[in-house]
Every structure is written in C-alpha cells, then in structure tokens.
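Q: Can you make the complete structure from the sequences, with help from the hints?
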Amino acid sequence: MLEFFVRHRREIATLTGEHLWLVSVSMALAIAIGVPLGILLTRRPGWKAVVLGTNNVIQTIPSLALFGLLLPLPWLGVRADRLTIAALTLYALLPIVRNTYVGISGVDAPVREAAVGMGMTSGDLLRHIELPLAAPVILAGVRVSTVITIGVATIAAAIGAGGLGEFIFRGLAMVDNHVILAGAIPAALMALLADFALGLVQRFVQRRAH
Amino acid sequence: MNPRSGSVIEFVDVHYRVDAGRALLAKLNLAVSSGETLMLLGRSGSGKTTSLKLINRLLVPSEGEVRVDGTSTAQWDLIRLRRHVGYAIQEVGLFPHYTVEQNVAVIPKLEKWSRERVSSRVDEVLQIVGLPSREFAKRYPDQLSGGQKQRVGLARALAANPPILLMDEPFGALDPITRAEIQREFKELQQRLGKTIIFVTHDVAEALLLGTRIALLESGKLHGIYTPREFVESKDDHIKPYMDAFRVGQQILQA
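Protein chains in written order, with the numbering used here: chain A, 71 to 280; chain B, 2 to 256.
None of these hints come from the bench; they were simulated from the model.
Just so you know, even glycine gets a beta-carbon here, dropped at the ideal spot from N, CA and C.
Check the hints yourself; a few may be wrong.
In silico contact screen, one side only, chain B against chain A (beta carbon under 8 angstroms); selected entries [as the list claims (entries may be wrong)]: (1) ASN57; (2) LEU59; (3) ARG84; (4) TYR88; (5) VAL93; (6) ILE108; (7) LEU111.
A: Here it is as structure tokens:
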C-alpha cells in the first residue's frame, strides 16, 4: 500500500494540485457570489423564498446529473474544468448564502436600532456592525461548503476535469482498492485539513466578535 | 406655518397608523422648547416610544409632520437629522464587538473627526457619565454591569455633541438603587449640558424628578402637558391613578 503511494507520488501530487485548484476557484467564486447574495436577502426579504428555494433545488440535483445538465451550455460546456467549477460553485453556494443571511439577521435588534437611530447609513451598518458580528456564522457556512466541495470535486474526473477523482474512477474500473485509496485518502486528508484550518480562523473571528 | 420661536421639536397634527389602519397616535400636537426636558409619560402602548421614533424618523408619520429646528423631518437629510439627535434606549444596544472606547467613538469617527479630537472627546464624555477612561475604555460591553452599559450608551449618545437627546426608558432595566443613583447624576448633567431632551418613561417618580414638563399620553392621544407641580396638584381623573400609585410607594416608605 505504502509502496504504491511512494511509487505514484508524482501523480498523486499533480492530481492533488488539480483538485486543490478546482476547489479553490469554486470556493472563491461561491464566496464572491454567495456573501453579496446573502446580504441582498437581508435587504430584500421578499426574495428569500426564491433564492433559497432555487439553491435548495440545486443541492438536490445529483452531481453527475448537474455536470450533464451544464454540458450543453455554450461557453461552459466547452471545457471540462469550466464546467466543473461552475457546478462546484453552484453546490457551494447554499450554505454560504444561507449563513450570511442568518448571521446578519441574527444581529440583536437593539444593536441595529441603536446603530440606525444614531445615524449610520445602511453601508456603515453593514461594514461596521453586521458583517463583523455575522462573520463567525458566515465562516461556518464557508467551512461546510469547502468540505462538501472537496468531496464533490472527485466526481469531476468523470468528465475529464482531473483531480483526485481520477484515481477513484480508475481504481473502480480496475477493481483495485489501492488505486481507489490513492484518490480517496488525499481527498479525505484535504477535507480534514481545510475543516481544521477554517475552524481556527472561525475561532479567531469569533473571539473578536464575541 | 412658521415654527413657534424657541421650539426645537414640534408635532403638528401627527397621526401614526400601522398597516392595518390601527392608530397608534392620533392628532398629536406638541412643542418642545430649547433646553427643556419633556417627559413622555404613559402606560405601555400609549404611544410614547412611537412618538420618540417619529422625531428621528425611525418611524414616518402617516399624517401631519414633525419638525426639528423648524424643518419637517421629511425635508431633513436623514443621516444629518439622526446625528443631530442623540438616541439612547433601554436595551442600550452597545456594539458587542467594540470596546467602550470604540462604541463611544462611532459617530465622531463617521463624522471624520481627527484622531486626537475623537480620543479627547471619548475621555471627556466617559468622564461626564462617571466612567473614567483609564479604567473602562478598553473593556468590552460583556465586561460591564447593567448600569455601566447604560452609562456607556449615554456617553455614546452624547459623543458627537448633539443639541437634542432622545431617551427611551434608558434607566428602566436597572435595579432600583443603581437607577436612583444614575437619575440623580443625570439631573445634574441636564443642568450642565443644556440639551433639549425628550425622555420616555412609565415611572411617575422619574417623570417628576427629571422633567421640566410632563406630557401624559393615553392610548395614542395627548391628555395634557403639566409641570411637575401641576401634575402633583392636579385633580384630573386621568392623573389621579398615577399619583395614587406614586403615593402608595411613598406611604410604604414612610410606614
């Protein structure tokens, strides 16, 4: 087993790198879209049902099917990595949008009333009060999303986007557990590490926002 | 339509209704002159807090207008209006992620005061409310007692030196001893600071102690405005229950 890992260390490293890249780009996009979307929901509560509903529906689509559904799209379907990133981003969105919304809505009413009453603009309120106080909750969402995304990204290999899923699919085809584990173990380690690291960040932010 | 000279705040035929059409305030007319402390006294649901929030436009009148310094609040720039009017509430609403110092400095900083001016003002207002900077500036709200939080809330409301102060039962949640202490200090402050203050309370003793005048509100209508002496001596059927409640308290003390 160990010998297999040592022999394939190059390939493992390359595929881990690809995996990390797919996850990082997707998470960056999901945060860039999800946090503003969550903020928007706190300002336009009427949109909540539609946005969170759509997100929920996306979550229920099996990942392979989602890849298939996105395939015919013009710019996205052309390259496997684009397609993968789009799908991963969609999956990662829900926990981030929901936690941003919940985190900001959870700011104590008197805190908000005092801030508005003393003459903070909506932007001041967001920047100085709501986002800092909601940060631990938002980060919890990012943490959940990241772990999910690292797992789902293994499916990307099915459409040739690379990543650690390569080993898993190859191992399945060869009925060779060593090969499967060469994909599964690094992916699991990555998820654990990401969870741990984001947990540290979360605790740090929490202490500041106590 | 000219504002009566000297009135800093005026309610002109103000109605406030909630969506279903239920009136929380009906035809309120009221003028507050510069430097006075008007107590809005009434039971729960009488419209005290509603009236207060109409002044800094946290609520918008359904009819009529509220004027601050002679200008309708609808014509004021909203942010300027609110920074012109200090606001302190019972729950205080301190920002939990900010130290005492940062809480107090919020509006001066947003007003882009220089760093030195902000920090000397913070020291000054903390001194005014009896919390020496050296000891309290770096503390977080969860390291303060209820009375101390309330003092910080007051310091924060005073920080940008607004000429008008709105206070919504600021001492309501304090234990009786702390409340009496803070009321006494506040009374001294009033004379020193010369602010125009609108103060919501349901506590007759507080109204008599702190008010230059007392506006009695009953189910959304202004019953009348009285000086503390007039209030105590009144034979009005609506005032009697308040004075009875007040006297019962005193008799228990004297017995």
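Q: So, for every hint listed, does it hold in this structure?
A: Going down the list of hints, with the structure as the test:
no., hint, verdict
1, ASN57, "holds, 6 angstroms"
2, LEU59, "holds, 6 angstroms"
3, ARG84, "holds, 4 angstroms"
4, TYR88, "holds, 4 angstroms"
5, VAL93, "holds, 7 angstroms"
6, ILE108, "holds, 6 angstroms"
7, LEU111, "holds, 6 angstroms"
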